[in-house]
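Chain order of the listed sequences is A and B.
For the record, in the first sequence the residue sitting at position 384 is 384 according to my numbering, with numbers rising by one throughout.
With the second sequence counted from 1, adding 428 to any position gets you my numbering.
In short, the hints are calculated from the structure, not lab data.
Heads up, a few of these hints could be off.
Ranges of calculated distance between the beta carbons of each label pair, as one might list FRET restraints [unchecked claim]:
1) A:Ile-12 - B:Arg-471: 19 to 29 angstroms
2) A:Gly-114 - B:Arg-795: 34 to 44 angstroms
3) A:Gly-317 - B:Asp-692: 26 to 36 angstroms
Some chain A residues near chain B, calculated using beta-carbon distances under 8 angstroms [stated by the list, open to error]:
4) Asp-225
5) Leu-246
6) Gly-248
7) Ala-253
8) Ile-334
9) Ala-337
10) Asn-341
To be clear about the criterion: a stretch of chain B counts as covered by chain A if any three or more of its residues have a C-beta under 8 angstroms from a C-beta of chain A, and this derived list gives those stretches [stated by the list, open to error]:
11) 653-667
12) 754-766
Computed from a predicted model, the values in this text were never measured in an experiment.
We treat Cβ as the ideally placed atom computed from N, Cα and C, and that holds for glycine.
Protein chains: 2
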Amino acid sequence: MTLPGNDTQAGIRRRNLARVLQAVAAHGPLSRPAVAARIGLTRAGVAPLVDELLRAGLLAESGPAAPRGRGRPGSELVVSDRGPAGLGAEIGVDHLAVCAIDLGGRIRARAAVGAANRNSAPGPVLERLVALLVEVTGRIAAEGLRPAGLAVAVPGLVARGGTTVVHAPNLGWRAADLAPGLAPVTAPANSPAVPLTVENEANLGALAELRPAGADGGRPGPPPDFVHVSAEAGIGAAVVVDGQLLRGARGFAGELGHVPVYPDGRRCDCGGRGCLEQYAGEAAVLRASGAAAGRAAAGEAGPGARIALLARRASDGDPATVRALAEAGTALGIALAGAVNLLDPRAVVLGGALAGLAPWVLPSLERELTLRTAVAADPARAGGPAVTVSRLGADGPLLGAAHAALRAVLDDPLRSCAPADSPPVRTP
Amino acid sequence: MTLPGNDTQAGIRRRNLARVLQAVAAHGPLSRPAVAARIGLTRAGVAPLVDELLRAGLLAESGPAAPRGRGRPGSELVVSDRGPAGLGAEIGVDHLAVCAIDLGGRIRARAAVGAANRNSAPGPVLERLVALLVEVTGRIAAEGLRPAGLAVAVPGLVARGGTTVVHAPNLGWRAADLAPGLAPVTAPANSPAVPLTVENEANLGALAELRPAGADGGRPGPPPDFVHVSAEAGIGAAVVVDGQLLRGARGFAGELGHVPVYPDGRRCDCGGRGCLEQYAGEAAVLRASGAAAGRAAAGEAGPGARIALLARRASDGDPATVRALAEAGTALGIALAGAVNLLDPRAVVLGGALAGLAPWVLPSLERELTLRTAVAADPARAGGPAVTVSRLGADGPLLGAAHAALRAVLDDPLRSCAPADSPPVRTP
Chain A
1 MTLPGNDTQA GIRRRNLARV LQAVAAHGPL SRPAVAARIG LTRAGVAPLV
51 DELLRAGLLA ESGPAAPRGR GRPGSELVVS DRGPAGLGAE IGVDHLAVCA
101 IDLGGRIRAR AAVGAANRNS APGPVLERLV ALLVEVTGRI AAEGLRPAGL
151 AVAVPGLVAR GGTTVVHAPN LGWRAADLAP GLAPVTAPAN SPAVPLTVEN
201 EANLGALAEL RPAGADGGRP GPPPDFVHVS AEAGIGAAVV VDGQLLRGAR
251 GFAGELGHVP VYPDGRRCDC GGRGCLEQYA GEAAVLRASG AAAGRAAAGE
301 AGPGARIALL ARRASDGDPA TVRALAEAGT ALGIALAGAV NLLDPRAVVL
351 GGALAGLAPW VLPSLERELT LRTAVAADPA RAGGPAVTVS RLGADGPLLG
401 AAHAALRAVL DDPLRSCAPA DSPPVRTP
Chain B
429 MTLPGNDTQA GIRRRNLARV LQAVAAHGPL SRPAVAARIG LTRAGVAPLV
479 DELLRAGLLA ESGPAAPRGR GRPGSELVVS DRGPAGLGAE IGVDHLAVCA
529 IDLGGRIRAR AAVGAANRNS APGPVLERLV ALLVEVTGRI AAEGLRPAGL
579 AVAVPGLVAR GGTTVVHAPN LGWRAADLAP GLAPVTAPAN SPAVPLTVEN
629 EANLGALAEL RPAGADGGRP GPPPDFVHVS AEAGIGAAVV VDGQLLRGAR
679 GFAGELGHVP VYPDGRRCDC GGRGCLEQYA GEAAVLRASG AAAGRAAAGE
729 AGPGARIALL ARRASDGDPA TVRALAEAGT ALGIALAGAV NLLDPRAVVL
779 GGALAGLAPW VLPSLERELT LRTAVAADPA RAGGPAVTVS RLGADGPLLG
829 AAHAALRAVL DDPLRSCAPA DSPPVRTP
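This is chain A alone, in the form it adopts within the complex (with noise of 0.2 angstroms):
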């Protein structure tokens, strides 16, 4: 009898080496017997999935030092602070940055500029983001690291599946391929492809609220069912549902920012109404606050500097900003209580540039939240979902596509990545 494609004996291999890298990667160290417990496999199971992983250079040994000729008792494993390495890149409307991470999470590399891409061609753009993750790739290589994939956030919609951006409105980018202009370093003379992943910005955000405690210190990220919002120029939403991204029919979910909020309200660049963008979205806030004049100065100084004033104003009781921010909060209250009414999710995390802003956003948005998802309320539980602010703020999308180039080698450790003693990659 024919099996289906994952039920042959080679992808329930695959699986389990998967899983076995993966449990160390969350978890470790971790004893084989720890890994054999935690993943539901004999010892004697795991015994060869880990040697296979130790020979490949994913997993290393760490502990206690083997007495000679007994075996390594005591010894556990780690991933490998050498070997793969996930490349993250975001495109922002007024900065680019690149980190890299290892297998274990940790980021090795970062590097960022401030930069004027509104309404910029995608070409030049790409040039100095190219030119940044050659800077990175090359302090990665000097510590035995090799790119096992490029993942990079971009403020727009991404064709689900494949590397152009379709529309990303505040960049001016519409139908923008960006694998070529990203070849020199997907597909470097002389070594390995890179394979590459474009994605939405409040999609990788959430991602990375996604990744395991263990990753960064044990902290325990929200619960698998989310909405994630984040803002840059624009205001996007990522949608997690039993851990997974609802990316939409073709591709183009989450798009909180033209939820209708006043629907005889303003008009938005969308050709709608009354959007939340048009009351929550940067530029509207600025306008509000009386801060857009400032705006100019504030785009010189670097990435997140107009989040940063409106920061300062706040806390300075500035009495426009305060409200202007308040009025904001009413807004995404009110965009948030329908996706609660449709979704249920277990959260809703402010990420990206609201993160920064939660104090004044915050109690305003909880107000209208509460008020319009009564009947979605569990009456048992006294409440709907609960709004938490992302511990990673304004990082997030960039940490989020570290972590989504990486997650090849964790789905397929063997596929993905050069056996050990392949050669080393050159540093361009």
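On the provided structure of chain A, position chain B as indicated by the hints.
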């Protein structure tokens, strides 16, 4: 090495039995080679599975009679028209309905009565429902069918996986466990227990749309990414992603009726303001159309009479009714624009009572949806999701319930069905 549950031989066999039965249910009559081709197994692999399903009485042979002593080369497989039946029941605000379908999805018996269920206690409502169920099970028992499951559609929130209606505002029910009241049907004396499912009616309406096209003569259903909107007294939605219902963390997803449409608008019973139900719910439309006075009379005339009254007035050109339905369409379009921006479904399906009112609701609904989802519309394809009208109309939730009741048989044919030689179920 231990294998995860799904990878055991028994697990694989169970899945393959289900795939054979599902293939024949959706596409039969099928020859054995056609079954093998459709599910990607060899003919030798399929033969013992088919034999086991024939022995269990779940499959039957049709087609040309077998030449004596030569096997049955021209025989084709169909699902049995005896054996397990799915019982669907619907508790509406003004009616009760029951139907039974066989494995082929054919309706074998149905019964309905008008009933004034609003603010009636669950006990008496369930007593009347049990009487209808007894009538229907008696009729199908005479045809050799036995109930394999009962699913009940209710206009309210149901705890995920449970039998308790957490809140059904239009019935006035809170924390009502339906299991005890239905015990005469689900735990009959001298017969096997009948598993009970209680589910939100909008979810079941959406499940009915998911039935294989073969089940009702080949008309294709909507693609498996859609938002299904239905209305009885309230308005509910079901979100289907990759063919699966999105239920939400607590099972409360789909509360489209309480999505804010005009945030400073009319007060809603839920405690919010400007909820969709206040503009497009049945009571709101009846009030706005001036037809509310005819309501008591219509209530006596049985299920759907109020909707029929609206449709009659609108097709007679009554200006107040036409205007009321157009305003309902506008409100629906605004709420659905939010849902489409968030979820990017392939289609929006109007079901339940809305299907019958589509001619007057659709134009304004589509206008709002197009205006407010431009950013999520694929420029290459110039459009957002298709808006379609359910082919099942007001029958959707009831049929969906009957299908849900059969689901356990189709997913695990041998566990959930008594062997063919077990004593027949007694008619109560």
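Status of the hints after comparison with the structure:
Taking the beta carbon of each, Ile-12 (chain A) and Arg-471 (chain B) are about 25 angstroms apart, inside 19 to 29 angstroms as hinted. The hinted range of 34 to 44 angstroms is satisfied by Gly-114 (chain A) and Arg-795 (chain B), whose Cβ atoms lie roughly 43 angstroms apart. Distance hint check: the CB atoms of Gly-317 (chain A) and Asp-692 (chain B) are about 28 angstroms apart, consistent with the given range 26 to 36 angstroms. The beta carbon of Asp-225 (chain A) comes within 4 angstroms of a beta carbon in chain B, closer than 8 angstroms, and the hint placing it at the interface holds.
Against a cut-off of 8 angstroms between C-beta atoms, the interface hint on Leu-246 (chain A) holds, since the closest Cβ of chain B lies about 6 angstroms away. For Gly-248 (chain A), the shortest C-beta to C-beta distance to chain B is roughly 2 angstroms, which falls under 8 angstroms, so the interface hint holds. Taking 8 angstroms as the C-beta cut-off, the interface hint given for Ala-253 (chain A) holds, the closest approach to chain B being about 4 angstroms. Taken as an interface hint, Ile-334 (chain A) checks out: its beta carbon lies about 5 angstroms from the nearest beta carbon of chain B, inside 8 angstroms.
Given hint, Ala-337 (chain A) at the interface with chain B, holds; its Cβ is 6 angstroms from that chain's nearest Cβ, closer than 8 angstroms. Hint on Asn-341 (chain A) holds. Least Cβ distance to chain B is approximately 4 angstroms, under the 8 angstroms limit. With 3 residues having a beta carbon nearer than 8 angstroms to a beta carbon of chain A, the region 653-667 of chain B meets the requirement of three or more and the stated coverage holds. Here's how the region 754-766 of chain B fares: 4 of its residues keep a CB closer than 8 angstroms to some CB of chain A, so the rule of at least three is met and the hint holds.
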